Amino acid sequence: MSEEGAEVIVNAILSMAKRRAEEIIEEAKKEAERIIEEARREAERIMMAKREKAEREAAEEAMRRKSVAEIEAKKILMEAKKSILREIEARIEEELAKISDGKGKINYEEVLERYIKEGINVLGSKVVYVASREKDKEMIKKISERISKEMNVEIRLDDRSIQSLGGVIMRNEDDSIRFYGTFEGRLRDYFDRNQRRILDMILGGS
Amino acid sequence: MPRLVEVLMDAEKKSSNMVEEAKRRAEEIIEEAKKEAERIIEEARRAQVKIDHSTNSDIDSIVEEAKKEAERIKKMLDMRINDVLDILVREVIFGE
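Chains as they are written, first to last, in this note's numbering: chain A, 213 to 418; chain F, 25 to 120.
Please note: incorrect hints may appear among the correct ones.
[Claimed, not checked] Distance condition first, Cα-Cα at most 25 angstroms in a straight line; then the derived BS3-like pairs of lysine-lysine: (1) LYS361/A / LYS329/A; (2) LYS74/F / LYS230/A; (3) LYS361/A / LYS338/A; (4) LYS92/F / LYS294/A; (5) LYS74/F / LYS265/A.
Rather than coming from a laboratory, the hints here were simulated on the basis of the structure.
Since the structure is predicted, the reported quantities are computational estimates derived from the model, not experimental observations.
Given the sequences, and given the hints that come with them, work out the whole structure.
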């Protein structure tokens with residue numbers, strides 16, 4: 213073989229080797245790209261999972277804070293309504309005190325007469341005892357004389373006085389039944405049963 | 025003839041070296057890619073995700089609205105108490 217022939221073969225061998233080397237490098241680069249691309253996708257999955265977790269936690273925290281705020285808001289409104297009821301109760305007490313002092317818009321004597329009649333009906337006894345404030349005793353005596361004849365019942369004034377805004381406490385002869393007709397009792401009972409209605413009257417149902 | 029064999033053997037050796045060198049380089053490329061991949065994933069693992077709490081103002085306004093409502097109903101008491109007081113006193117004394 214001539215020298216030229218040998219050179220052709222050598223060049224061919226080297227050329228094939230060069231192509232093979234380039235192919236190996238090219239494949240490695242492609243594999244490297246694939247590895248990095250897969251890593252990027254994995255990183256994206258990690259970030260997405262973190263975002264979802266953070267968003268879920270943020271939503272839960274927001275919901276918790278909202279619940280706390282709603283409870284706080286309810287407490288504020290409830291306290292405002294309680295404050296209104298307390299103030300109304302105090303104003304009514306003032307009015308009741310005026311009435312039992314004979315300075316109100318309602319005739320106290322008529323109130324006492326009504327309560328005593330109511331008491332007689334509740335007790336259902338021919339002899340009843342009436343306890344009242346010390347300063348009401350004269351008025352009670354006068355009313356009792358009138359009602360005794362009218363209802364054919366013996367009304368006895370109780371020796372004991374009551375500490376009250378006004379009204380009477382009555383009992384039958386053996387003290388087995390009592391009738392409470394005091395302003396405080398009626399006020400407490402009225403508020404126990406009518407809080408919502410009172411608020412509606414003031415707030416117009418709002 | 026011996027000269028030709030020598031030349032061919034030399035060419036084969038060079039050829040083999042080129043391929044071996046390419047394989048080493050390929051391994052390096054893959055190793056670098058693996059390291060880069062680890063770095064990318066590690067960076068994602070360490071990353072802090074921040075969420076905008078845009079609903080906070082809505083939550084704060086719930087309490088603020090309640091305070092305003094409380095003030096409003098207290099003012100309504102002042103306005104209406106005199107209108108209903110007589111009715112309430114009468115109902116307490118005589119019943120509803």
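- Message: Please verify whether LYS361/A and LYS329/A have alpha carbons no more than 25 angstroms apart.
- Response: 12 angstroms, holds
- Given the hint that LYS361/A pairs with LYS338/A, does the C-alpha gap stay at or below 25 angstroms? 12 angstroms, holds
- Task: Would you mind confirming whether the straight-line C-alpha gap from LYS74/F to LYS230/A stays at or under 25 angstroms?
- Result: 52 angstroms, violated
- Mind checking the alpha carbons of LYS92/F and LYS294/A for me, to see if they're no more than 25 angstroms apart? 16 angstroms, holds
- For the pair supplied as a hint, LYS74/F and LYS265/A, is the alpha-carbon distance within the 25 angstroms limit? 11 angstroms, holds
Taken one by one, the earlier hints fail for this structure only at number 2.
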